[in-house]
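A.B. asks: Single-letter residue listing:
2 protein chains.
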Amino acid sequence: MTKNTKVNAAILIIGNEILSGRTQDTNTSTLAVWLNTIGVKVNEVRVIPDVEKTIVNTLNLLRKENDYVFTTGGIGPTHDDITAESVSKAFGVKYEIHKEAFKILEAYYKPGEFNEGRQRMVWMPANAELILNPTSGAPGFSVENVFCLPGVPSIMKSMLGSLKNRIIGGEPILSHTISLRTVESEIANSLTLVQDKNKDVEIGSYPFFHAGKLGVSIVLRSENQSKIDICNSQILEFIKEKKIEIVDR
Amino acid sequence: MTKNTKVNAAILIIGNEILSGRTQDTNTSTLAVWLNTIGVKVNEVRVIPDVEKTIVNTLNLLRKENDYVFTTGGIGPTHDDITAESVSKAFGVKYEIHKEAFKILEAYYKPGEFNEGRQRMVWMPANAELILNPTSGAPGFSVENVFCLPGVPSIMKSMLGSLKNRIIGGEPILSHTISLRTVESEIANSLTLVQDKNKDVEIGSYPFFHAGKLGVSIVLRSENQSKIDICNSQILEFIKEKKIEIVDR
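Quick mapping for you: the protein sequence lines, in order, are chains A and B. Each residue of the first sequence is one higher than the last, beginning at 203 in the working numbering. Each residue of the second sequence is one higher than the last, beginning at 203 in the working numbering.
Check before you lean on any hint, since a few could be wrong.
List time: in silico BS3-like cross-link candidates among lysine-lysine, alpha-carbon distance up to 30 Å [said to hold, decoys possible]:
| no. | chain 1 | residue 1 | chain 2 | residue 2 |
| --- | --- | --- | --- | --- |
| 1 | B | 359 | A | 291 |
| 2 | A | 445 | A | 401 |
| 3 | B | 401 | A | 255 |
| 4 | B | 208 | A | 255 |
| 5 | A | 208 | A | 366 |
| 6 | A | 255 | B | 266 |
| 7 | B | 266 | A | 296 |
| 8 | B | 415 | B | 444 |
| 9 | B | 301 | B | 291 |
| 10 | B | 401 | B | 429 |
| 11 | A | 312 | B | 445 |
| 12 | B | 442 | B | 401 |
| 13 | A | 444 | B | 312 |
| 14 | B | 305 | A | 444 |
It should be emphasised that the hints constitute simulated quantities derived from the structure, not laboratory data. Quick caveat: nothing in here was measured; it's all calculated off a predicted structure.
Can you make the complete structure from the sequences, with help from the hints?
C.D. replies: Below, the structure written as structure tokens:
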């Protein structure tokens, strides 16, 4: 299979609890880091409420604009879990019992425990492909380029392994970080010159406070290691001239 | 001043470092919690890259659809800080030196230290209003209903106090949480009945793992305390019937 060099994705975080600030989303960074390792770049993240119309419209936009869409949240057994039904509507397919998911959960629970609430979790868009859940039984699912994962971070993370062969990424996005004991304004001009000479490398500059001290991390990102290396050496050059200390970070 | 009962906002997180997963965004929850206390509900969050066209287009959409837009990131001194210039383009106004911001930073730095890099931080959209920065000098700014804040969480947070009188919220959004030693599927049906009887209260159900044990937090949200109380008593009723333990969480 020929690798496309640029493969991108959107992440759609579904859940009122993130929008209210009650819950700190961590799924974005987990997904983004994992996607980078398989050569998929995250273009955009959206956080939206548990509102069917919003989910349907947002999903229909994102799935056309991106190679992949990953959703998290809203696939549990309670009334506010409306992702599966919304995805069915977005694709214009039936929302129905997924036979394989039914079998998995029937076997997962003790006899008599696979109650009505739990059975809600096997309702999915017609022809959905399952994403197996090694942690708590209830599978996620995918339809075309849309992959629906649960919101609980540890469960979500445990399901990524089984997805690896279903996502066709491009070249992995490599990165290199140089952390400095300085402030951004001391290096801003030199860094601009390096960026101008290295258009293909994404150079980010991020101030940090650590152990009571100020610093800046410069992050170089590219699919091409030699381009990163060239950029890195140009940065090391001006750092040396300016006598700026490199720190561990 | 008459209070509008529904005031909403969008949060626009600008920065490649969030999309790459390198940096965990925490500004969303800080902003959302603070906005709730002043009666502003977050409708939507978007994370976008440091790309001018994307910033301009997204901002022009969000500022029309929401009462307020809060951006974080991209207002520092380096080449990848393009928020101020992009906001100028979004509003079709000049990008120029803000005289008051210039004076603030000139006074903030020691003589000779207000260099070219730092001067970049006083370039803003024409007629921007400053958002003072008690932590590190460089102000944020607002144009109409768009408020631009820095990305560094501690600095961003320190600037919210001065904004309070510039945001006109509705009724504060109240919430009440009941945490239970149970799993969602045990309470799903009862909770659906309560939601059906209390359409005006947003009822969320969130599983958690804590100290090795499973639990569920039920969160009730409304502008009306008595509606929350009614909803709460109906939930306590079915919890008692089901002999489910209430836990601290």
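A.B. asks: Assess, step by step, whether the Cα of residue 208(B) is no farther than 30 Å from the Cα of residue 255(A), and give holds or violated.
C.D. replies: 19 Å, holds
A.B. asks: Would you check the hint for residue 442(B) and residue 401(B), treating anything up to 30 Å between C-alpha atoms as holding?
C.D. replies: 23 Å, holds
A.B. asks: Hinted pair, alpha-carbon criterion (30 Å max): residue 444(A), residue 312(B). Please report holds or violated.
C.D. replies: Holds - the C-alpha atoms of residue 312(B) and residue 444(A) are around 19 Å apart, at most 30 Å.
A.B. asks: What's the verdict on residue 401(B) and residue 255(A), does the C-alpha distance respect the 30 Å limit or exceed it?
C.D. replies: Holds, at roughly 17 Å.
A.B. asks: Between residue 359(B) and residue 291(A), is the straight-line Cα distance small enough, at 30 Å or below?
C.D. replies: 40 Å, violated
A.B. asks: Given the hint that residue 415(B) pairs with residue 444(B), test it: the Cα-Cα distance must not exceed 30 Å.
C.D. replies: 19 Å, holds
A.B. asks: Regarding the pair residue 208(A) and residue 366(A), is the alpha-carbon distance no greater than 30 Å?
C.D. replies: The hint holds at about 17 Å.
A.B. asks: So if I understand the rule, the pair passes when the alpha-carbon distance is 30 Å or less; does residue 301(B) with residue 291(B) pass?
C.D. replies: The given pair, whose Cα atoms are some 20 Å apart, holds under the 30 Å limit.
A.B. asks: Taking 30 Å as the top limit, are the C-alpha atoms of residue 401(B) and residue 429(B) close enough?
C.D. replies: 10 Å, holds
A.B. asks: Tell me if the straight-line CA distance from residue 266(B) to residue 296(A) falls inside 30 Å.
C.D. replies: 35 Å, violated
A.B. asks: Does the structure keep residue 255(A) and residue 266(B) at a Cα separation of 30 Å or less?
C.D. replies: 19 Å, holds
A.B. asks: Check whether the Cα positions of residue 445(A) and residue 401(A) lie no farther apart than 30 Å.
C.D. replies: Distance ~26 Å between residue 445(A) and residue 401(A) Cα, so the pair holds.
Checked against the numbered hints above, the structure breaks hints 1, 7 and satisfies the rest.
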